Structure formats: structure tokens, C-alpha cells
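Protein chains in written order, with our numbering: chain A, 5 to 172; chain B, -4 to 133.
Derived from the structure by calculation, the hints contain no laboratory data. Where hints are given, some of them may not hold.
[To be verified] List of simulated lysine to any residue pairs, SDA-like, C-alpha gap at most 20 Å:
no., chain 1, residue 1, chain 2, residue 2
1, B, Lys71, A, Leu81
2, B, Lys71, B, Glu89
3, B, Lys71, A, Tyr82
4, B, Lys81, B, Ser56
5, A, Lys106, B, Arg95
6, B, Lys9, A, Arg164
[What the hints assert, rightly or not] A partial selection of chain A residues facing chain B, derived with a Cβ cut-off under 10 Å:
no., residue
7, Pro34
8, Pro38
9, Ser104
10, Gly111
11, Ser113
12, Ala115
13, Gly133
14, Gly139
15, Phe141
16, Arg164
Note that the coordinates shown come from a computational prediction; the quantities given were computed from them, not determined experimentally. Ideal Cβ placement from N, Cα and C applies to all residues, glycine included.
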Amino acid sequence: MRDRKVQKMVTAALFTGAAILFGYVETLLPIPLPVPGMKLGLANIAVLAVLYTAGPVMTVASDLVRILVCGLLFTGLYGFLFSLAGGMVSLLVEILLFRSRKFGVTGVSVAGAVAHQAGQILVAVPLLGSSAVAGLFPVLGAFAIGTGVVIGLTASELIRHLPGSEKV
Amino acid sequence: MADSSGKQTVRTVKKADIILIAVLAAVLAICALFLAGRQMLALPGSRNGAQVEITLEGETSLYPLDQDTQFTLTTKEGGTNTIVIKDGEVRVTEADCPDRICVTMGSISRTGQTIVCMPHQLVIRIISNDQEIDGVAQ
Chain A
5 MRDRKVQKMV
15 TAALFTGAAI
25 LFGYVETLLP
35 IPLPVPGMKL
45 GLANIAVLAV
55 LYTAGPVMTV
65 ASDLVRILVC
75 GLLFTGLYGF
85 LFSLAGGMVS
95 LLVEILLFRS
105 RKFGVTGVSV
115 AGAVAHQAGQ
125 ILVAVPLLGS
135 SAVAGLFPVL
145 GAFAIGTGVV
155 IGLTASELIR
165 HLPGSEKV
Chain B
-4 MADSSGKQTV
6 RTVKKADIIL
16 IAVLAAVLAI
26 CALFLAGRQM
36 LALPGSRNGA
46 QVEITLEGET
56 SLYPLDQDTQ
66 FTLTTKEGGT
76 NTIVIKDGEV
86 RVTEADCPDR
96 ICVTMGSISR
106 TGQTIVCMPH
116 QLVIRIISND
126 QEIDGVAQ
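Here chain B stands alone, though its shape is the one from the complex (with noise of 0.2 Å):
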């Protein structure tokens, strides 16, 4: 790469940084390929009476994914988020966070998949009746 200020050539990118990008992508490869694997494997939901976790604010509760409901979830701070349980899967249809990122998210049908509203701090989740095995078992 040419040098404006002609006192030598600079190599922006070096070897041993070619070599840490690749490790880390290694990493989140095998990350990703493990987390993609358990959701393959996962049947959906509804098949295998799965629940649907909603941790808001740090409190659990749980729904079956199998009977079609809609509510509104309201924070301490007054933010809502709407969701709607239909046909077996979840979304959350409404929200006033600011990035409404867990409305963009859409819905979830499968064991293990999740939709998070960061500043409601709420996460959504599907887990199988026997939580462990997460249906890889099946």
C-alpha cells in the first residue's frame, strides 16, 4: 500500500491479524453451528406441549405455547409490550421501547429461540416440558 507520507511502506492489516480474525470466526462458528444444531433438532413447540418463559424484570413466568392468548406486559416504569401467543408460535406484536427491536424480532416457534426487549429487560423464551433435553433427546 502506497504511503502519502513516502517515508515507507505501511502494512495496515498484518499477518497475525488475518490469523486473530479467522480464530475468532472459528469460535463463533462453532458457537453458532451448536446453537443452530440444538434448533434443528428441536421439533416445534406446540408438538411437544412446550411453555413459553417470559422473564420480565427478572421475574419468571410461564405460558403454554398451545393455547392462543394475547396480554400486555406492563414494567415498573410503565413501558408496555404486547405479545400474542397464536398457532403455536410468539411475537411480540406492540411495543414503546425506543428501538421496538423485540417487534422487528418477530416470531419464535422452536424450543430454545428467544426474543429479548432490552430496555423493558424482558426475555422470551420457548422451552420444552422436560427443560434439560430440550427435544434433542426425541
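Only chain A is shown next, with the shape it has when bound in the complex (with noise of 0.2 Å):
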């Protein structure tokens, strides 16, 4: 029972660490997204590989070191912002669908990416003070659902292949 407990700590903070380094890898690309907010959500892959493994409470940890370090390291504060608001709201959405038990992990993938940018635009609303960036979202959620389906075939590839994980 302990063991269990140590097993799913240390895979969480594993995959924090690795979710710290896609942040860093996420600022590498050569080719600027060319709409604010645009981006590939790489760290999923880590947030989705701890939600199956060690459940949801860890899930949450896990995310919230990633997105404090990658605020300090990489993103600054108003990118700090955006992806605490983006993803504390993806993060709800795919606890919940998988908890429904009713979604493969690319479903909850897809729905957490779209999620995602719905809760960066309800803060960038009130922090630019123009509603002129909730006109994006068409176009920042048609990005996201395509990242999401890639993204959560690699995570559900990955999941497959990690001890203790749920069944996908």
C-alpha cells in the first residue's frame, strides 16, 4: 500500500520534471505560432501520463509546480497567468471526463486542449481589457483539437507502456 503511494509520487514528480522540460522545448520552435495563445501543449502529454498513473490529487500537484517553474524560467508573469488560467480549467475538464470512465485518453486530450484555450481567453478578456480576443477562439480551438487528437495518441501510446496505469 506504501509502496503504491512512493510509486505514484515518484512518477509524478518524473513527469513533472519531464513537463518543465517540453516547456522549454515549446519556446525552441523555429516557426512562430502565428496567433497569441497558439501553441502545441506538449506538457499534456505529462499531465495525461499522471492522471492515469497517479490519479487526479497528483495531477494537480504535478501541474501546478510546472506552471509556477515555467513561469520563472520561461514565460514571465502574463504567461504565467494564461497558463495557470489555461490550465487549471483544462485540467478540471479532464478530471472530470476521466472520471466519467466513458472517454479514451485521446477524447479527454482533445477536450482538455480546447479547454485550455477557453480559460486563457476568459483571462485575457479582463487582463487586456478588450473583448476583441474572444474572436480567436475559433481559430485557437481548431488548432487546439488538432494538437489534442496528436497529442493524446502519443499519450495514450505512452500510458499503455507505464506500470500501475489505468486501462485505456
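Once you've looked at the hints, go ahead and assemble the two chains, each given alone in its own frame, into the complex.
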């Protein structure tokens, strides 16, 4: 029983580290994406891996650490606020869909990716003092569906090979 | 899909996933069509006396779209964006923000179109004189 708990914590810690690295990799992309807020969401691979192997509580802890460290290292205050809002909305949706047991990793990933963009826009509107950014949602959401599918398939392949994961 | 662990066949994409993705795509498509429709109906801004609304760090100022001008905005932290209004088009030509997406976004000329610079909390939007109608009624 105790071993299982340790295993969960180690898994969460490992993937938190991986997620921070993913955040760094995303800043290295040579081609700037043409719309603000658009990103690949590589960190979602780590989020999903922790969710399916260590459960929701560890996932929230792991993701908060990631967002804080990435904010301090790479993205700055506004990047931090955007990823905090996006990350929390996305996590909420992903945990609910995961708990419902009706969806596979891919569905959870796509819903999380779209929710991330919605969360970012919810913060962007008061922060920028303009509702104009809401008009970016269809573009960001469509992109998020695409990345969500790819990230979801990647994550489900990874999760299948992790010890202690729920059946995917 | 073959499972390397040999225990069972695992379906990574369930039917519910496909339905979920389809529903999300449909909702986004409706939003996009609605926005695109509004933009198509809007005349190029300069013909109906449109204005350029610039919101920098929450403070809004207006410029006429039909008067060519060029100026540099400075944020409280010293970040700059150079804005050019020319021939009924607005664009950001120079910026010292980290991602420079505002420069990549190019020029805008129709009511409702926007350029956003997240790091500098800058939003540039073209609005028509009668703001609420947005040119649709014409």
C-alpha cells in the first residue's frame, strides 16, 4: 500500500520534470505560431500520464509545480497567468472526463486542449481590457483539436507502457 | 490495434471520443462561421469612416483609419510597438515583445479585425462609426 503511494509520487515527480522540459522545448520552436496563445501543448502528455497513473490529486500538484516553474523560467508573469488559467480549466475538464470513464485518452486530451484555450481567453479579456481576443477562439480551438488528437494518441501509447496505469 | 503486452486488445480511441471531437469541432465551426460572416459583410473600414481602437494596458484610444500616420506605443515597462496606419490598413511594423506575433499577424482593414500583442497587453481593433451595427446593416 505504502509502496503504491511512493510509486505514484515518483511517477508524478518524474513527469513534472518532463513537463517543464516540454515547456522549454516549446520556446525553442523555430517557426512562431501566427496567433497569440497558440501552442502545441506538449506538457499535456505529462499531465495525462500522471492523471492515468497517479490520479487527479497528484496531477493537480504536478501541474501547479510545472506552471510555476515554467512561469519563473520561461514565460514571465503574463505567460504564467495565461497558463495558470488555461491549465486549471483544462485540468478540471480532463479530470471530470477521466472520472466519467466514458472517454479514451484521446477524447480527454482534445477536450482538455480546447478547454485550455477557453481558460486563456477568459483571463485575456479582463487582462487586456478588450473583448476582441474572444474572436480568436475558433482559430485557437480548431488548432487545439488537431494538437489534442496528436498529443492524445501519443499519451495513450505512453500510458499503455507505464506501470500502474488504468486501462486505456 | 495490437497490444504489445499481449493481454488484451486496447482501443485507444473510443466511439465517445469521436463523438466528443465532432461536437467540439461543430461548435467551433459555428462560432467561426458567425465571425466570418460578420467580417465578410463588413465593408473595408476606410469606406465607412471606421476608427482604429487601440487598447494598451486597459486604456483605450481612437485614431481615424483614413488618415495615414505612424507612431510608437510604449508600455509602462518600456516595451514598444510601432503602429502604421496607411491606405486604410493598420499593422504593427516593429515590436520588442518576445514572440513578435503582433508583427507576424500582418495588416488589418475590416471592421472587427484585430491585432493582439499579449506580452504588451495591446489590442488593436477596427471599429465602425456606428459600433453596434458593425456595417452589417449596410
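Here is how each hint holds up against the structure:
no.: 1; hint: B:Lys71 to A:Leu81; result: holds, 14 Å
no.: 2; hint: B:Lys71 to B:Glu89; result: holds, 17 Å
no.: 3; hint: B:Lys71 to A:Tyr82; result: holds, 14 Å
no.: 4; hint: B:Lys81 to B:Ser56; result: holds, 18 Å
no.: 5; hint: A:Lys106 to B:Arg95; result: violated, 41 Å
no.: 6; hint: B:Lys9 to A:Arg164; result: holds, 15 Å
no.: 7; hint: Pro34; result: violated, 13 Å
no.: 8; hint: Pro38; result: holds, 5 Å
no.: 9; hint: Ser104; result: holds, 9 Å
no.: 10; hint: Gly111; result: holds, 3 Å
no.: 11; hint: Ser113; result: holds, 9 Å
no.: 12; hint: Ala115; result: holds, 6 Å
no.: 13; hint: Gly133; result: holds, 4 Å
no.: 14; hint: Gly139; result: holds, 6 Å
no.: 15; hint: Phe141; result: holds, 6 Å
no.: 16; hint: Arg164; result: holds, 6 Å
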